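If you're matching them up, the sequences are chains W and E in order. Quick note on numbering: the numbering used here labels position 129 of the first sequence as 840, and the sequence is numbered without any gaps. Quick note on numbering: the numbering used here labels position 47 of the second sequence as 56, and the sequence is numbered without any gaps.
What the hints contain is simulated information worked out from the structure, not anything from laboratory work. It should be emphasised that the depicted structure is a prediction, and the values quoted were computed from it without experimental measurement. Where a beta carbon is used, it is the ideal one built from N, C-alpha and C, also for glycine. Wrong hints could be hidden among the right ones.
Said to hold, decoys possible - List time: in silico DSSO-like cross-link candidates among lysine-lysine, alpha-carbon distance up to 30 Å:
id : chain 1 : residue 1 : chain 2 : residue 2
1  : W       : K757      : E       : K28
2  : E       : K38       : E       : K195
3  : E       : K144      : E       : K129
4  : W       : K757      : E       : K92
5  : E       : K55       : W       : K757
6  : E       : K84       : W       : K757
7  : E       : K20       : E       : K144
8  : E       : K33       : W       : K757
What the hints assert, rightly or not - Listed below are several chain E residues computed to face chain W (Cβ distance under 10 Å; list not exhaustive):
id : residue
9  : G64
10 : N88
11 : K92
12 : V97
13 : F101
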Amino acid sequence: MWQILTGYWSEFITGFGNTILCSLIAMFFSLILGVFFALLEVAPPKIGRAIAHIYIEIFCNIPLLVITMIFYLIIPQFWVKVSGFTAGTIGLALYTSAFIAETVRSGINSVGDGQMEGALSNGMTYVQAMRYVILPQAIRIVIPPLGNQMITLIKNSSVLAFVAGFDLMYQGDIVAFSSFQTIETYVIVGVFYLGLTLPLSYYMRHLEKRLA
Amino acid sequence: MKVVSSIIEFKHVNKYYGKLHALKDINLKIEEGQVVSIIGPSGSGKSTLIRTMNGLEPINSGQLIVTGYDLANRKTNINKIRKNVGMVFQHFNLYNNHTVLENITLAPKIVLKRPDAENKKIAMELLERVGMADKADSYPRQLSGGQEQRVAIARSLAMRPKVILFDEPTSALDPEMIQDVLDIMKYVADQGITMVVVTHEMGFARKVSNRLIFFDQGHILEDRDPVEFFKHPDTDRARQFLSKIISKD
Ligand SMILES: Nc1ncnc2c1ncn2[C@@H]1O[C@H](COP(=O)(O)OP(=O)(O)O)[C@@H](O)[C@H]1O
Ligand SMILES: [Mg+2]
Numbered sequence: 712m713w714q715i716l717t718g719y720w721s722e723f724i725t726g727f728g729n730t731i732l733c734s735l736i737a738m739f740f741s742l743i744l745g746v747f748f749a750l751l752e753v754a755p756p757k758i759g760r761a762i763a764h765i766y767i768e769i770f771c772n773i774p775l776l777v778i779t780m781i782f783y784l785i786i787p788q789f790w791v792k793v794s795g796f797t798a799g800t801i802g803l804a805l806y807t808s809a810f811i812a813e814t815v816r817s818g819i820n821s822v823g824d825g826q827m828e829g830a831l832s833n834g835m836t837y838v839q840a841m842r843y844v845i846l847p848q849a850i851r852i853v854i855p856p857l858g859n860q861m862i863t864l865i866k867n868s869s870v871l872a873f874v875a876g877f878d879l880m881y882q883g884d885i886v887a888f889s890s891f892q893t894i895e896t897y898v899i900v901g902v903f904y905l906g907l908t909l910p911l912s913y914y915m916r917h918l919e920k921r922l923a
Numbered sequence: 010m011k012v013v014s015s016i017i018e019f020k021h022v023n024k025y026y027g028k029l030h031a032l033k034d035i036n037l038k039i040e041e042g043q044v045v046s047i048i049g050p051s052g053s054g055k056s057t058l059i060r061t062m063n064g065l066e067p068i069n070s071g072q073l074i075v076t077g078y079d080l081a082n083r084k085t086n087i088n089k090i091r092k093n094v095g096m097v098f099q100h101f102n103l104y105n106n107h108t109v110l111e112n113i114t115l116a117p118k119i120v121l122k123r124p125d126a127e128n129k130k131i132a133m134e135l136l137e138r139v140g141m142a143d144k145a146d147s148y149p150r151q152l153s154g155g156q157e158q159r160v161a162i163a164r165s166l167a168m169r170p171k172v173i174l175f176d177e178p179t180s181a182l183d184p185e186m187i188q189d190v191l192d193i194m195k196y197v198a199d200q201g202i203t204m205v206v207v208t209h210e211m212g213f214a215r216k217v218s219n220r221l222i223f224f225d226q227g228h229i230l231e232d233r234d235p236v237e238f239f240k241h242p243d244t245d246r247a248r249q250f251l252s253k254i255i256s257k258d
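So that you can see chain W by itself, here it is in the shape it has in the complex (with noise of 0.2 Å):
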């Protein structure tokens, strides 16, 4: 196990760099459009409802390997051509983003409507209600089940393996095929993902337990 390691040493650290990277760019968009979604899901405007809906029906019920192949094959027939790495990341945030979008929505509602309303009557806007009163709410029950999705994330990154993305899975399965060493391979490449989901793991429950 150990020469499999130093012998594969790059091919490792090029996966797992990748795979960090992957990671980090899918959870900034997957944030960004999951609150974004959340938000028009629960403003007074019908026509967002409708349209955040739609979007989030489509993405939580479509598997992720689908999606993906969607980018890294269709679009390129009809538009531009994508790296395998691209089109995972975009999968892969796009996927993340309806799940992150749900849970932020139910965060919201669990507020309850009264704080909403003693706000308004006070004179706020919408707007200043959400940021000042709600939304701070909203956080706290958020991060623990947001926290999840990231370690999720991360291991969907591994998504990327079957359109030749480069991450730690694809990785491995190159120093798998050309070492015959499958088991050594898969444990070594097992915990280079838990090193990076123990930790953020551990971090959120101490982050629960922060905000409880």
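Take the given structure of chain W and dock chain E with the ligands to it, following the hints.
The following block gives chain E with the ligands in isolation, referenced to the frame of chain W:
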């Protein structure tokens, strides 16, 4: 556009929840400084009526003019009305993420853009007034219901409103807390602030308010002097209602 009229005026207002006709052709004028109690059976539409007055519930037809602005007009900026019309709820609705003091200073700061020092001074005076100054740094969850409601009234007063709407402000309180809140409401009335109060407190309705509305099934059945009303209700519905309430005590 601002029009000169009563501070609150309903003209043929109708309100539906789906098929349910909650407010039926309401015509009502409330003048500045009046203290109006609204009583009536549960489910008759009292909350709906009072919640239309600051636009928390939209109306379906008619005109509803509050502090000079027509709530039925889509172009009306509802926030202009809400700056002048406070509301106190059965379940208080204090901001759970803010301290007592912040609950009172937040809206004056961000809505009225009043300076911080002035907000704090006004807030502390009001907290003193409602007997809650020692709780200025507490959070709502650390207060009893009666204390929360006193803060909620102070929060409304800090906006220096022309009107305050009260929707059953004492219905969620333990009996020993009720009088404190009623005393503060009496103080509010003495300030000359127009008050509309949905209540089951007949003592308040009779002694503090100077006008009484008996509401039933989406209609105003009686609109009179409270003392006269309690002596001789005009309608059978009101007589039935009063006999039920009084036999409960
Ligand atoms: N948001 C709502 N959606 C549907 N029906 C409602 C809603 N709010 C109130 N109602 C109905 O309207 C009627 C009047 O309710 P309400 O104004 O709360 O009465 P009250 O305050 O006198 O008890 C009731 O039949 C109630 O069930
Ligand atoms: Mg009610």
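Consistency of the hints with the structure:
Restraint check for W/K757 and E/K28: satisfied, since their Cα atoms lie roughly 20 Å apart, inside the 30 Å limit. Restraint check: the Cα-Cα separation between E/K38 and E/K195 comes to about 22 Å, which is no more than 30 Å; the hinted pair holds. Restraint check: the Cα-Cα separation between E/K144 and E/K129 comes to about 14 Å, which is no more than 30 Å; the hinted pair holds. Among the hinted pairs, W/K757 with E/K92 is consistent with the structure: their alpha-carbon atoms are about 26 Å apart, no more than 30 Å.
Straight-line distance between C-alpha atoms of E/K55 and W/K757 comes to about 28 Å, which keeps the hinted pair within the 30 Å bound. For the hint linking E/K84 to W/K757, the alpha-carbon distance of about 19 Å falls within 30 Å, and the restraint holds. Note on E/K20 and E/K144: the hinted pairing is violated, with a Cα-Cα distance of about 43 Å set against a maximum of 30 Å. The straight-line distance between the Cα atoms of E/K33 and W/K757 is roughly 27 Å, inside the 30 Å bound, and the hint therefore holds.
With its C-beta approaching chain W no nearer than about 8 Å, E/G64 sits inside the 10 Å limit, and its interface hint holds. Of the supplied interface hints, the one on E/N88 holds, with its beta-carbon coming within about 6 Å of a beta-carbon of chain W, less than 10 Å. For E/K92, the suggested interface contact is upheld, since its CB lies about 4 Å from the closest CB of chain W, less than 10 Å. Restraint check, E/V97 versus chain W: the minimum CB separation of about 9 Å is within 10 Å; hint holds.
Interface restraint check: E/F101 against chain W, minimum CB-CB distance 8 Å, threshold 10 Å, status holds.
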